[in-house]
Amino acid sequence: MKRFIQHDELARDCRFIRQQNVLTTILASLPDDVDAVVEALDPLSPLIEESVRETAAQPLFDRFGPAFALLVLNEPIRAGADGVAERLKLRMHGIFVGELQALEGAGRSLWDFPEAPWEFKMNMARQCWDEARHVQIYEKLMTHVGVEAGDYPESTFLFECACSDDPAMRVAGVNRGLEGLACDVFRDLIRYAEDTGDEKMKQAVDYVLADEITHVRFGSEWVKEFTRGDPEHFERTQEFRREVDKQFSFGGSRSDREDAAVRIAWEDRLEAGFSEQELKELAEISVGGPSQHTMVTAAKILQQRFDARKAGEADEGRA
Amino acid sequence: MSSATPRMYPGASPDERTTFDAYSAFDVPADLRELSGRYDVESTARRVRNFRYAQEWMMMIGGGWMATIPELPVKTGLGKIVWDDAQSADEFGQRLPELRCGKRSVTASEAANDGFAALIQEVSAPESPDLTIEKVTGMFDVLKPHLLAVYDRMQRETDQIADAPTIEILDDVMRRTRKHIVWGDEVLERLCVTDEKRERRRRRLLSVRELLENCGGVTGEIADESHGSAERGEH
Chain A
1337 MKRFIQHDEL ARDCRFIRQQ NVLTTILASL PDDVDAVVEA LDPLSPLIEE SVRETAAQPL
1397 FDRFGPAFAL LVLNEPIRAG ADGVAERLKL RMHGIFVGEL QALEGAGRSL WDFPEAPWEF
1457 KMNMARQCWD EARHVQIYEK LMTHVGVEAG DYPESTFLFE CACSDDPAMR VAGVNRGLEG
1517 LACDVFRDLI RYAEDTGDEK MKQAVDYVLA DEITHVRFGS EWVKEFTRGD PEHFERTQEF
1577 RREVDKQFSF GGSRSDREDA AVRIAWEDRL EAGFSEQELK ELAEISVGGP SQHTMVTAAK
1637 ILQQRFDARK AGEADEGRA
Chain G
75 MSSATPRMYP GASPDERTTF DAYSAFDVPA DLRELSGRYD VESTARRVRN FRYAQEWMMM
135 IGGGWMATIP ELPVKTGLGK IVWDDAQSAD EFGQRLPELR CGKRSVTASE AANDGFAALI
195 QEVSAPESPD LTIEKVTGMF DVLKPHLLAV YDRMQRETDQ IADAPTIEIL DDVMRRTRKH
255 IVWGDEVLER LCVTDEKRER RRRRLLSVRE LLENCGGVTG EIADESHGSA ERGEH
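Chains as they are written, first to last, in this note's numbering: chain A, 1337 to 1655; chain G, 75 to 309.
Worth flagging that the hints you see were computed from the coordinates, not collected in a lab.
Don't take each hint at face value.
Unchecked claim - DSS-like cross-link-like pairs, simulated, lysine-lysine; straight-line CA separation at most 27 Å: (1) A:K1536 / G:K154; (2) G:K271 / A:K1338; (3) A:K1476 / G:K253; (4) A:K1476 / G:K154.
Claimed, not checked - Chain A stretches covered by chain G per the calculated footprint, using a threshold of three residues with CB under 8 Å from any CB of chain G: (5) 1346 to 1357; (6) 1468 to 1479; (7) 1580 to 1594.
We put the CB at the ideal spot given by N, CA and C, even for glycine.
Isolated chain A, as found in the complex (with noise of 0.2 Å):
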């Protein structure tokens, strides 16, 4: 078996099919300006069309175009919200297939770094059972909300973007980035989760929570570690870190922004290791997307001009 596999090669079952990585990679880098952000995502329209065919999701393209992904992932998730049922579905799925990729991502850091010392090969195992237990956790959960696996297209961008061939880049990548990307996500669902009432929700992702800020303590500990007495290799190591932080924001939907849709779960950031300078920073990072209004705005452009070359297309039919 060889080391180091890219992220397209992750295996998967007949129920799933894959998402290009391409727009959540563009929504990293939109600026805060509705026709930026209309020019970007317009051009991937037939993409985005030919990701969600015969999913969950293709009612929703049907619906509102290229712009059901600003609509969806960019909105809070708040009890009573207008489609909040379509968005927690997309949610639980989004964060089921996260879950297997943290899995994926824990176990090849066994198989690709066979030298490392035995106290992180520990560290990683313990991390396998834990990430698998999620998984199973999120598939009940996702019956509990009314979706299945494979019912929406999944994105392999987590693990593409978390899982460097540097052992220190890779906790980074994994176990600061995802998994502390999977702390801010967590603690909103427990937030939805105490407003609706739903204590099997709750309880099950408080605890998936507890283990994700042991995760990140491992990534913290390990990152120090592989970079002992070398600052140079730190310092890049920081910066991979900052640029998983980036792509992992969304253009700021996980961010400390007021209208975010997930924010920062600091508390339990900081338990977990993260410093507050690094919080800080995060927060910076995160900020510079475009807003929900700029998306709001984009989307309704988007949609107006879906509708528009739908109805041209009819034209040219029925000419």
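Let chain A serve as the given structure and place chain G on it in line with the hints.
Then chain G, alone, in the frame of chain A:
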């Protein structure tokens, strides 16, 4: 103190003994173990390093496979097994300093010979997502049953009193290994639903088992007892 008072502690002369009843260390509860064992300290230490080698590699291979296996329950099942194998390797490692191998020996792993190292590489070789049967067969139909047989024999034949810490570790490791073998068999029964797939399982089992028998197994000295071969001798 009066001479009629029962002594609580022995004195220096023969008539200054305590009055407590005399028992052997094996009387309560009755303990029929004898001071004898097949392996001396050095031999046990070498075997523990061999066992640790196998457990550590199974942990790493399972970790690598999770991304290459499409069946969800196999992925998640391996997650737990990887952690079990890590704990087993760790427990074996913790025993090594107690067997005069030095403080730093807790992470010492040693293949019995090049043949066993090659066997491990062969077990790890299936990579493509359509090879779950070959992956699971090599590890769960051949390697783990072999290890269970060797652990079981070691547990029975090592010095039951002097080497009891190794026996305790083997208890834990064998409990986990038995569960893994049952799990692997259930997975393979579920996956091998056609003659062609059952034949793939059979072919893989035979080819890995041949390598195992040729190299003498995890210790290099014991043929696979689970198939009735005789031990080639140790001590």
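Quick rundown of the hints versus the structure:
1. A:K1536 / G:K154: holds (23 Å)
2. G:K271 / A:K1338: OK: K271 (chain G) and K1338 (chain A) at ~25 Å, within 27 Å.
3. A:K1476 / G:K253: OK: K1476 (chain A) and K253 (chain G) at ~24 Å, within 27 Å.
4. A:K1476 / G:K154: holds (18 Å)
5. 1346 to 1357: holds (count 4)
6. 1468 to 1479: Since 5 is at least three, the answer is holds.
7. 1580 to 1594: violated (count 0)
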